[in-house]
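Number of protein chains: 2
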Amino acid sequence: MNQTVEQLLSHYSVRAFLDKPLSEDQIRLLVESAQAASTSNFVQAYSIIGVSDPKIRKELARISGGMSYVEKTGQLFVFVADLNRNKQIAESKRENPASLETTEKMLVAVIDAALAAQNMAVAAEAMGLGICYIGAIRNDIERVSALLNIPEYAIPLFGLTIGYPEQNSAPKPRMPYQLVYHENEYQTKETALYEAYDTTISDYYTNRTGGVRNETWTDQIAEGMKKPVRMDMKAFIEKQRLGLK
Amino acid sequence: MNQTVEQLLSHYSVRAFLDKPLSEDQIRLLVESAQAASTSNFVQAYSIIGVSDPKIRKELARISGGMSYVEKTGQLFVFVADLNRNKQIAESKRENPASLETTEKMLVAVIDAALAAQNMAVAAEAMGLGICYIGAIRNDIERVSALLNIPEYAIPLFGLTIGYPEQNSAPKPRMPYQLVYHENEYQTKETALYEAYDTTISDYYTNRTGGVRNETWTDQIAEGMKKPVRMDMKAFIEKQRLGLK
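Top line first, the protein sequences correspond to chains A and B. Just so we're aligned: 30 in the UniProt record's numbering is position 30 of the first sequence, and the numbers increase by one with no gaps anywhere. Just so we're aligned: 17 in the UniProt record's numbering is position 17 of the second sequence, and the numbers increase by one with no gaps anywhere.
Careful, some of the hints might be misleading.
The list treats identical chains as one, so a pair stands whether inside a single copy or across any two.
[Said to hold, decoys possible] Straight-line Cα separation of at most 30 Å, DSS-like style, residue types lysine-lysine; simulated pairs: (1) Lys245 x Lys227; (2) Lys245 x Lys87; (3) Lys226 x Lys93; (4) Lys72 x Lys93; (5) Lys20 x Lys239; (6) Lys245 x Lys234; (7) Lys58 x Lys93; (8) Lys227 x Lys20; (9) Lys239 x Lys227; (10) Lys245 x Lys20; (11) Lys226 x Lys239; (12) Lys55 x Lys189; (13) Lys234 x Lys87; (14) Lys239 x Lys172; (15) Lys93 x Lys227; (16) Lys72 x Lys239.
Calculated directly from the structure, the hints in this document are not laboratory data.
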């Protein structure tokens, strides 16, 4: 099999890094790899903030629930869905920026940022580094935005921590292909497929934890729905003047 | 430089494919590569619809503005931000699915789908195939949803057409690194950086078109803001019961 495809299939998240910063050259290569991803109508509607300042990292780690790998890492990147750049261009050219306030444009910026981030993740692993996404920066989106000086028309979406792995791991089994892939139209999938995957995941946890954990995947999904979280997201996004219409 | 990183940096979109379908094995490897991407809290909140039916492809091509590479391709994939799976699990376990209706959960699903798509794009290029994202399926999101039988709690985000390239091309120059990358906090960037990039892009078009096109990047961005498009996106998403709160 192709080496790049093999690398993709071998991905796992790393949650412990050596205390060794990435070099400027590494950071630049990672950012340029991110930039090489496809972008909707060439709009490149994202920014990447590299956080090296220990005080900011400490605060982001606190917001994210005390994860040490937000602080102790090679470099911490925050991906921002960014239409503020377009807003600045509108101002300089006396255009009306109202179209930036549509849900369509917000989707464009979120998707652009995510495509770029995944390219960075792939580049990092190709460079022998480990990665972990930090969605938990959204635990306090207002505080994160203040900390990172995020302007209107922009949303800090997630962190991506990249560094030298302290230990190796192995991929976590994904859903069976048949649960994800549909032919020609969306199909409701058979219960048996979920049951088989539940067994896979329960066995996976049992083996990894010596029996301490044994929950199924659908148990996890149900648990994750019990209480709504990050209920300030809609108000925050609207305050940023995005997704208003 | 590492071969995978080199591949990422060499990306360009392909807009003409041979009339040669991908094999089942290729499709499965592409989908499994997509699935190997990181996913928020392991929720895997997306579905991938492979469209081989020529009638559906024809209609999707029409909606997307008549692009031939939506029809004549190796395989056409549609990526769906999918919380309907979670809804089904909620029903089977008598959980309340109300938390799926938050903007936070919608973001999770959109980001998960985009990360998976970019992994598929990288895998495709590693396999010697070409790719192009088709955001233009959102030109008529209602019609696309009807065509693909998309249930509530799900949004068809974009297409990804993958096939054997009919011709090679070259990467389009991205923004200078300094316009995308910020250190420790969001920084408003100097006008000179935009001016330099405008020259790069104007030269790029001049060379490619023998002078027929010579617009700058900021001209394009300003032009793209002139009239809001896809104004039904917010109502559609809310009808799907997503992003309601």
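Hints and how they fare:
Proximity of Lys245 and Lys227 under a CA criterion of 30 Å is satisfied in both settings, with 27 Å inside one chain copy and 14 Å between copies. Proximity of Lys245 to Lys87 under the C-alpha cut-off of 30 Å is found in both arrangements, the shortest distances being 17 Å within a copy and 26 Å between copies. In the homo-oligomer, the alpha carbons of Lys226 and Lys93 lie at most 30 Å apart only across protomers (11 Å), although the nearest pairing inside one protomer, at 48 Å, exceeds that limit. In this homomeric assembly, Lys72 and Lys93 never come within 30 Å of each other (Cα to Cα): the closest approach is 43 Å inside a single copy and 39 Å across copies.
With identical chains, the CA atoms of Lys20 and Lys239 are never at most 30 Å apart, being 38 Å at best within one copy and 48 Å at best between copies. Proximity of Lys245 to Lys234 under the C-alpha cut-off of 30 Å is found in both arrangements, the shortest distances being 12 Å within a copy and 6 Å between copies. When the C-alpha separation of Lys58 and Lys93 is checked against a cutoff of 30 Å, the pair qualifies neither within a copy, at 40 Å, nor between copies, at 39 Å. Taking the shortest alpha-carbon separations for Lys227 and Lys20, neither the intra-copy value of 38 Å nor the inter-copy value of 48 Å comes in at or below 30 Å.
Taking CA atoms no more than 30 Å apart as the test, Lys239 paired with Lys227 passes in both settings, with 24 Å inside one copy and 22 Å between copies. In this assembly of identical chains, Lys245 and Lys20 lie within 30 Å of each other by CA distance neither inside one copy nor across copies; the values are 45 Å within and 41 Å between. Proximity of Lys226 to Lys239 under the C-alpha cut-off of 30 Å is found in both arrangements, the shortest distances being 27 Å within a copy and 23 Å between copies. In this homomeric assembly, Lys55 and Lys189 come within 30 Å of each other (Cα to Cα) only across copies, at 24 Å, whereas the closest approach inside a single copy is 48 Å.
In the homo-oligomer, the alpha carbons of Lys234 and Lys87 lie at most 30 Å apart both inside one protomer (21 Å) and across protomers (21 Å), since each shortest distance falls under that limit. Proximity of Lys239 to Lys172 under the C-alpha cut-off of 30 Å is found in neither arrangement, the shortest distances being 38 Å within a copy and 34 Å between copies. Only between protomers do Lys93 and Lys227 lie at most 30 Å apart by alpha-carbon distance; the minimum there is 15 Å, versus 46 Å within a single protomer. For a Cα distance limit of 30 Å, the shortest separation of Lys72 from Lys239 qualifies neither inside one copy, at 32 Å, nor across copies, at 43 Å.
The structure shown violates the earlier hints numbered 4, 5, 7, 8, 10, 14 and 16.
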